[in-house]
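A.B. asks: Taken in sequence, the protein lines are chains A and B. Add 1293 to the 1-based position in the first sequence for the numbering used here, that's all there is to it. Add 12 to the 1-based position in the second sequence for the numbering used here, that's all there is to it.
There's no promise every hint is true.
Claimed, not checked - Capping the alpha-carbon separation at 30 Å, the derived lysine-lysine pairs in BS3-like fashion look like this:
no., chain 1, residue 1, chain 2, residue 2
1, B, Lys32, B, Lys53
2, B, Lys53, A, Lys1391
3, A, Lys1363, B, Lys32
What the hints assert, rightly or not - Where chain B lies over chain A, by a calculated footprint (3+ residues, C-beta under 8 Å):
no., region
4, 1305-1317
5, 1331-1344
6, 1362-1373
Hints were generated in silico from the structure; no laboratory data involved. Fair warning: this is a prediction, and the values are worked out from it, not measured in the lab. For every residue, glycine included, the Cβ atom is placed at its ideal position computed from N, Cα and C.
Residue-level listing of the chains:
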Amino acid sequence: GQQLNQSPQSMFIQEGEDVSMNCTSSSIFNTWLWYKQDPGEGPVLLIALYKAGELTSNGRLTAQFGITRKDSFLNISASIPSDVGIYFCAGSIQGAQKLVFGQGTRLTINP
Amino acid sequence: GAVVSQHPSRVICKSGTSVKIECRSLDFQATTMFWYRQFPKQSLMLMATSNEGSKATYEQGVEKDKFLINHASLTLSTLTVTSAHPEDSSFYICSARDYSGGGFETQYFGPGTRLLVL
């Protein structure tokens, strides 16, 4: 079945630094979604991407749908303490109901 | 974004009892909802796809008689963990599929339900 490889698995950064994480797949996806999950909570949608090459921002977050449709990245600029959490990429292929999830990137910020 | 609620947020039960978890889409209609299970420090594991008015589709390895799913309306899906045992203790999360954004679909997640079986 489809698999998503998300990297890095964890990041330890200083407050104010920029963050970059990405996901790659073995299949072509027609939707990429990025979520953030805080401890004990459900994932919260950050950015949704629907077209190859699409670059979308949400505040300090920017995500892109790769041209090959097999990858996506998420950037966070000028990180702040509330950015701490686990970030998941998720994608779906044409006609599929369900999402495939990456393994998550755990972000830790040193003040 | 759209809002999905789950109830209860936390439940503790005795081994052998059944537990029902509700998932509601509050401001949109969802013909399809999904149930996930998440173990500590792991990604979400899809258990089943819940379709309004029809039988749920279970992922491989998920016992349909153990995890009963009912999607009786466009805003409500329920997951019942029957005869719960300690190994069923986990974090259960639902999501709802929303097409209202100009035809592009998105999934919104509920806040999750922490189940502890004693």
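A.B. asks: Within 30 Å, alpha carbon to alpha carbon, are Lys32 of chain B and Lys53 of chain B?
C.D. replies: holds, 25 Å
A.B. asks: Given the hint that Lys53 of chain B pairs with Lys1391 of chain A, test it: the Cα-Cα distance must not exceed 30 Å.
C.D. replies: holds, 22 Å
A.B. asks: Examine the region 1305-1317 of chain A for residues whose CB is less than 8 Å from any CB of chain B, and state whether their number is three or more.
C.D. replies: violated (count 0)
A.B. asks: Please check whether the region 1362-1373 of chain A has three or more residues whose CB lies within less than 8 Å of a CB on chain B.
C.D. replies: violated (count 0)
A.B. asks: Can you confirm whether chain B covers the region 1331-1344 of chain A, using C-beta to C-beta distances below 8 Å and requiring at least three such residues?
C.D. replies: holds (count 8)
A.B. asks: Within 30 Å, alpha carbon to alpha carbon, are Lys1363 of chain A and Lys32 of chain B?
C.D. replies: violated, 38 Å
Hint compliance for this structure: hints 3, 4 and 6 are not met, and every other hint is.
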